[in-house]
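Undergrad: Produce the entire structure from the sequences given, and follow the hints as far as they go.
Single-letter residue listing:
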Amino acid sequence: MAQTLYEKLWQAHVVADEGQGMALLYIDRMLLHEVSSPQAFAGLRDRGLKPRRTKPYLAVADHAVPTRQRLQIKDERALAQVELLAANCEEVGFEYLALDDLRQGIVHVIGPELGFTLPGVTLVCGDSHSATHGAFGALAFGIGTSEIECVLATQVLRQKPLKTMRVTIDGVMPEGVSAKDVVLNLIGQLGASGAVGYALEYAGSAVRAMSMEARMTLCNMTIEAGARIGLVAPDATTIAYLAGRPRVPDPLPAKKWLALASDEHAAFDRELALEASQIAPMVSWGTSPDQVVPVSGTVPTGAGVQQLEYMGLSAGDKLAGLPIDRVFIGSCTNGRIEDLRAAAAVVGTNRVAPSVGAIVVPGSGQVRAQAESEGLDQVFIQAGFEWRLPGCSLCVAMNDDRLAPGERCASTSNRNFEGRQGIGARTHLMSPAMAAAAAIRGHIVDVRELLV
Amino acid sequence: MEPFTRLSSRAAPLPQANVDTDIILPARFLLITEKRGLGQYAFYEWRKGGDFVLDQPRWQGALVLVAGDNFGCGSSREHAPWALHDLGIRCIVAPGFGEIFRANMLRNGMLPVTLIEADWRKVMGAAELGEPVTVDLLSGLIMLANGSNFEFALPEDEREALLNGWDEIDGIRARFGEAITAFETRQRVTAPWLWEHEKEPTDG
Chain A
63 MAQTLYEKLW QAHVVADEGQ GMALLYIDRM LLHEVSSPQA FAGLRDRGLK PRRTKPYLAV
123 ADHAVPTRQR LQIKDERALA QVELLAANCE EVGFEYLALD DLRQGIVHVI GPELGFTLPG
183 VTLVCGDSHS ATHGAFGALA FGIGTSEIEC VLATQVLRQK PLKTMRVTID GVMPEGVSAK
243 DVVLNLIGQL GASGAVGYAL EYAGSAVRAM SMEARMTLCN MTIEAGARIG LVAPDATTIA
303 YLAGRPRVPD PLPAKKWLAL ASDEHAAFDR ELALEASQIA PMVSWGTSPD QVVPVSGTVP
363 TGAGVQQLEY MGLSAGDKLA GLPIDRVFIG SCTNGRIEDL RAAAAVVGTN RVAPSVGAIV
423 VPGSGQVRAQ AESEGLDQVF IQAGFEWRLP GCSLCVAMND DRLAPGERCA STSNRNFEGR
483 QGIGARTHLM SPAMAAAAAI RGHIVDVREL LV
Chain B
18 MEPFTRLSSR AAPLPQANVD TDIILPARFL LITEKRGLGQ YAFYEWRKGG DFVLDQPRWQ
78 GALVLVAGDN FGCGSSREHA PWALHDLGIR CIVAPGFGEI FRANMLRNGM LPVTLIEADW
138 RKVMGAAELG EPVTVDLLSG LIMLANGSNF EFALPEDERE ALLNGWDEID GIRARFGEAI
198 TAFETRQRVT APWLWEHEKE PTDG
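If you read the sequences in order, they're chains A and B.
Residue numbers for the first sequence follow the working numbering, so the first one is 63 and each next one is one higher.
Residue numbers for the second sequence follow the working numbering, so the first one is 18 and each next one is one higher.
Hints are supplied without guarantee of correctness; some may be wrong.
[Said to hold, decoys possible] Dumping the calculated PhoX-like pairs for lysine-lysine here, alpha-carbon to alpha-carbon at most 25 Å: (1) B:Lys139 with A:Lys136; (2) A:Lys112 with B:Lys52; (3) B:Lys65 with B:Lys52; (4) A:Lys318 with A:Lys117.
[What the hints assert, rightly or not] To spell it out: a stretch of chain A is covered by chain B in this simulated footprint if at least three of its residues, at any positions, have a beta carbon under 8 Å from a beta carbon of chain B; those stretches are: (5) 202-212; (6) 251-259; (7) 494-503.
The set of hints was computed from the structure by calculation and includes no laboratory data.
All C-beta atoms, glycine included, are put in the ideal place defined by N, C-alpha and C.
TA: Have a look at this one:
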């Protein structure tokens with residue numbers, strides 16, 4: 063019978079069928095970070111257990127890490143949390159990338175960079191943006207701390223199969239439009255809970271034409287529509303990205319990986335189609351990622367009072383022209399080399415508006431080094447951006463990067479939740495090119511005006 | 018895990034949709050590396066005014082929260098259900114939940130009840146009036162003081178795990194140790210690149 067990519071990945075990892083649709087799924091890989099793992103290690107210790115395996119783990123601190131300098135963490139609790147991760151990994155024999163390691167960075171950026179993320183594997187992390195790794199045709203999803211403990215102890219998780227949804231994106235994205243705009247558009251259509259219970263697969267000519275970086279942006283934000291899993295079938299682009307990276311088998315099993323693609327007549331529980339050429343640069347206006355409009359749009363009538371009050375907006379307000387105080391370019395959604403290239407191309411020889419504080423936070427040490435080798439750091443610095451060290455930074459505001467109450471930020475991150483970038487902070491989600499344009503103009507603007 | 022069978026209590030109403038885990042437990046409190054004692058940080062920003070529903074006398078000590086659709090969407094932080102558990106919440110009734118949040122609730126002995134909109138509205142009405150609500154997992158019913166009952170469904174495995182307070186890890190180790198080893202033996206042959214430089218796994 064014809065199978066989808068999701069069904070193939072699922073079937074290849076069933077350890078035991080418990081009945082009633084519940085199965086024990088083998089977990090091939092787990093990424094660990096400092097925030098969601100401490101209680102799992104403690105739980106394992108309380109049980110008197112050791113991890114079943116040690117090789118399929120890679121640990122890195124990202125959420126609490128400062129980005130101005132990283133070797134002296136001033137916040138005592140953040141320091142203790144990072145040191146605890148290092149100590150836990152040392153105790154059980156997991157690979158931990160220390161803060162002075164060039165390969166260090168955000169879990170969802172370094173996993174693919176280091177070939178830890180591979181097609182055909184099951185990969186989990188105590189982080190909802192684990193869907194990112196689905197861009198490689200890995201069955202990847204975010205889990206809680208109890209589930210982390212379960213994987214450590216048993217290398218399996220109890221899971222129910224999800225329904226499948228194929229999102230077919232055909233056509234060519236217009237200039238100034240990126241994968242971020244496509245996924246924001248999709249989330250707007252589906253709603254924040256519209257994909258709960260589904261595993262999404264992205265298909266179509268626009269997805270085939272995307273780089274791995276763009277596919278990761280697409281899969282990364284799947285969770286904002288409620289789905290834990292977003293997938294793209296491995297193809298020549300996937301193989302080319304992985305070839306030669308550490309941890310990637312040599313020769314790589316290309317034939318097996320390519321065979322993971324959904325069969326031609328495979329049936330999906332739900333189908334959705336997007337035409338890439340019809341998508342405009344998108345901006346969020348509210349406090350949920352599904353509250354988005356094209357940059358030429360207005361805050362919808364019928365918007366909730368609580369959201370409008372929080373965001374300091376009224377129904378009918380235009381998004382374009384809205385003054386901003388801060389710009390954040392980075393995160394596991396948009397902190398990769400291609401994102402920095404797109405932003406730098408818009409910046410060019412322009413300068414950041416005097417009223418705006420703007421930072422660029424590369425997703426990893428390798429992204430930062432690559433950007434510097436291309437001179438992108440100089441483009442940003444000369445324009446007046448701060449060029450920071452890698453970390454989650456203003457996406458989650460757990461380190462010392464945060465907004466003041468009422469500050470409005472053009473942000474390439476993934477969540478515009480209340481308080482996400484600091485107490486009372488107002489977040490507008492957009493692409494790296496759009497955020498760069500906002501930095502230069504000092505207000506939200508259609509990036510295509512700067513590309514003419 | 019503490020078993021869940023039946024409870025009666027007032028239910029705190031929180032009707033907004035898409036209450037995310039950043040609202041339930043703001044990220045700056047994720048630097049805490051303990052599971053316990055997080056209740057004081059739950060809904061931290063929303064509680065600043067002093068009139069948040071859980072702080073009002075009518076709903077003091079509520080064991081049930083009646084929440085809006087997609088409750089617990091967003092991040093995977095288990096600190097969110099830990100914090101609610103610490104406040105005494107044992108059951109949340111909503112039209113729908115964030116998937117990871119819901120999975121995290123179940124692993125902490127907390128019951129997520131999904132109701133259709135019409136039934137949810139009636140339970141929300143009782144919650145707003147401060148009337149007692151009884152949640153009975155054995156019969157799969159929510160009972161209101163006016164005598165009306167609402168059936169809710171829970172997958173059998175989740176129901177049994179809650180009723181018995183089963184520990185997931187103990188259960189897997191006791192029942193599936195051999196099956197896991199057999200899978201690993203097969204995978205060493207079918208995907209040897211996932212096992213390079215690795216010795217036989219140890220069980221515990």
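Undergrad: Just pull the numbers of the violated hints for me, sorted ascending.
TA: Numbers 1, 7 - these are the hints that the structure violates, sorted from lowest upward.
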